[in-house]
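Colleague: In case you want the letters, here they are:
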Amino acid sequence: MKAGQLNDSRQLFSRIKKNWGLYLLLLPAVVLVLLFSYVPMYGILIAFKDYSPAAGIMDSPWAGLKYFGKFFRSYQFETTIKNTVVISLYSVATFPIPIMLALMVNQMRPNRFKRFFQTVTYMPHFISTVVMVGLMLILFSPSTGLIGNLFRLFGAEAPNLMGSAGWFSSVYVWSDVWQHMGWDSIIYIAALSAVNPSLYEAATMDGASRWQKIRYIDIPMLMPTMITLLILRIGNLLGVGFEKVYLMQNNLNITSSEVIATYVYKIGMLSSQYSFSSAINLFNTVINFVLLIMVNYISKKYSENSLW
Amino acid sequence: MSGMEARTKKGAHAVYVRSSDRILEIAMYIFAVLLLIVLIYPIYFIVIASFSDPAAVANGQVWLFPKDFTLAGYRELLKHSNIWVGYRNTILYTIVGTAIGLAVNISAAYALSRRDLVGGKYISLLFIFTMFFNGGLIPTFMTIRDFQLYDTFLVMVLPFSVAVFNIIVARTFFKTSIPEDLWEAAQIDGCGNLRYFVQIVIPLSKAVISVIALWTAVGHWNSYFNALIYLKDSNLYPLQLILRNILVTNQMQSALGTGEAAAVALRLANLMRYAVIIVATVPIMCIYPFVQKYFNQGVMIGAVKQ
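Residue numbers (UniProt numbering), protein chains in the order written: chain A, 1 to 308; chain B, 1 to 306.
Keep in mind the hints are simulated off the structure, nothing from the lab.
The beta-carbon is built from N, C-alpha and C at its ideal position, and this holds for glycine as well.
Output of the computed footprint for chain B on chain A, the stretches with three or more beta carbons under 8 Å from beta carbons of chain B: (1) 13 to 25; (2) 35 to 41; (3) 104 to 112; (4) 126 to 137; (5) 207 to 213; (6) 240 to 254; (7) 264 to 274.
Computed cross-link-like contacts, EDC-like style, restricted to lysine to aspartate or glutamate with a CA-CA straight-line distance of at most 20 Å: (8) B:K232 <-> A:E243; (9) A:K66 <-> A:E78; (10) A:K18 <-> B:D116; (11) B:K232 <-> B:D151; (12) A:K18 <-> A:D8; (13) A:K18 <-> B:E180; (14) A:K18 <-> B:D189; (15) A:K66 <-> A:D50; (16) A:K114 <-> B:D21; (17) A:K82 <-> A:E243; (18) B:K206 <-> B:E180; (19) A:K18 <-> B:E184; (20) A:K213 <-> B:D21; (21) A:K213 <-> A:E201; (22) B:K121 <-> B:E180; (23) A:K114 <-> A:D218; (24) A:K82 <-> A:E258; (25) A:K17 <-> B:E184; (26) B:K79 <-> B:D53; (27) A:K266 <-> A:E78; (28) A:K213 <-> B:E25; (29) A:K266 <-> A:E243; (30) A:K114 <-> B:E25; (31) A:K17 <-> B:D116; (32) A:K244 <-> A:E258; (33) B:K175 <-> B:D116; (34) A:K244 <-> A:D176; (35) A:K18 <-> B:D181; (36) B:K121 <-> A:D8; (37) A:K266 <-> A:D50; (38) A:K70 <-> A:E258.
Take the sequences, apply the hints, and build the full model.
Modeller: See below:
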C-alpha cells in the first residue's frame, strides 16, 4: 500500500516534470491571481473587525456583525437595494434584444448591406463609458442639446433626462442597449452560424415559412447560449456596475441612482470607513453568489443547462 | 446569371415563395435601416457639431451639415496640455498593458488547454472562482497599497491583467483548433513545450490572439475606474480620467466665472467637448477594422463552444 502510494506520487512527479514548460507558462497568471485576487480575500476579515490602520488587519479588535447591522438599519439600506434591483431587473428585461438582432442578421442575405449593418451595430461598443456619458450629457441637454432642439422643433418642452430621478433607470438601461446590443448579439450570431444548412433545406422542402424556421430551428438552437448568459445575468442581480452609474450620478437624480456599488465607494474611499464599506460589499457579493448557485441549480434541474 | 433568372421564373412552381416571407423580409429591412439611423445619427451629429459654430448648434440649426465651419474646438483642444499628457499615458498603458495581458493570458490558456497537464482542472477552478467572488473594493485597495503599487505606472498594467474570460475563450480555441497529433509529432522531433508553444502554436493562433489583443486594448483605452482609485499624481492620469473632468464634472465651466467673456468661453468649452469626443474615440475605432477579419474566426470558435 505504502509502496504503491510512493510509486503513484513518483509517477505524478515525473509527469509534472516532463511538462515543466507548461507550468512555467502558467506561473505568471497563477502568481498574479494569488496576489491580487486571493490575498484581498483575506482582507474581507475587516468587515468583521473594527479596523484601524495602526493595528493592521490581524490585530484590530473583532466587531462581529456590527457593520452588517449598521448597514441593515441605515436609511440608505432600502434605497440602495431597491435602486440596484430596479436597474438590474430592467436590464434583464432587455435581454432578448440582442437575440432578436441576431435572428434578424441571420435572415439577411450575405452581402454588403449585411456587413455594413454588423459593423455599424458593433461600433458604439468601442465608445468608452466616460465618453458615452459625456455624449448623453451633451445630446440630452434640454437647453442646448439635440433632444432639446428636437422638442423645440415640435414646440414642446424637453424633459431633463439626465437630471431627474424618474428618468434615471430608463436612460441608464436604454443607453446600454444602444451601445452594446450589436456586440452582445455576436455570440448568438456565432451560435446560429453553427446550424446545419440541411436543416433549413429540409424545412423548406416541407413548406416551412421563414417565421417557422426561426421559431423551430433558430430559437431552439440559441437556447443553451441564452440560458447560460441569463444565469450569469441573474447571478449578478445585485451587481450593477460602478462605472456608468457613478458618472451619470448628480444631485438631481441621486434618489434613484445611488446603488450598492456607488455607496460602497463613497463610504470606503471618500469617507474612509473601511470596515463598514467592506461589510456592505461582502453582503452584496454573497447575495450574488447565492443567487448564481440557486439559478444554476434550477436551470440544471429543469433544462439540463448549467454553468458547471 | 441567366440560370438564376430561369430559376426565379420557374420558382413559382419549384420553390414556392410565400407572400408572408416577402412581408417579413421587407419589414426586416425597413427596421434594419431605422436602427442604422438611430445608431449612426448621434455619432454623426457630434462630428458635424464639432466643426460648427457653437451658437448654431445650440439654436438647433445644425441637423445634416456643419454650419459656419470652424476648427476653433480643435484649436482650443491643442491648448490643453493635460489632454496630451493623458493621451500619452493612455497609449503607454494600452501598449504595455496589452503586451502583459497577452503574455499572461495566452500562455496560461495554452497550458490549461493541454490534456496532459496534471492538476489543470484545479488550476482552472482557481481562476474561475475569482469571476464570481472577490475581496471587494477596500480589501483590494489595501492590498495594492501594501504592495507599494499605489500611484505608480505599474498599477495600471499589472495587477488586473489576468482576465479569466479571455483565458476561457483562448483555451477553447487551442483545444478545438490545434490538433493533439501536432504536439506528438513535434515531441518525436525533440521539440520541448516552450519551443512548440512559441514556434508552432502562436503562429497558428493569430485569430484568437488578435481578438484578445483587441479586447484588452479596448479595455485599457477606455478604463477610468482603476485610475480613479489607484492614482493620485495627475501626471499619470490616463485620458479617460481627464475626459471625465472635461465632459462630466464640467471642471472647466466652473472655472470660467460669469459675464460676457465667460459666455464666449463657455461656448468655446462646449465646442471643445464635441472635439474631445472625436479625438478620444477615433483611434480605438480605427484599430477595429484591421482585426475584424480575424474576429469572425476567433470569437466564434472561442465563444460558441465554451
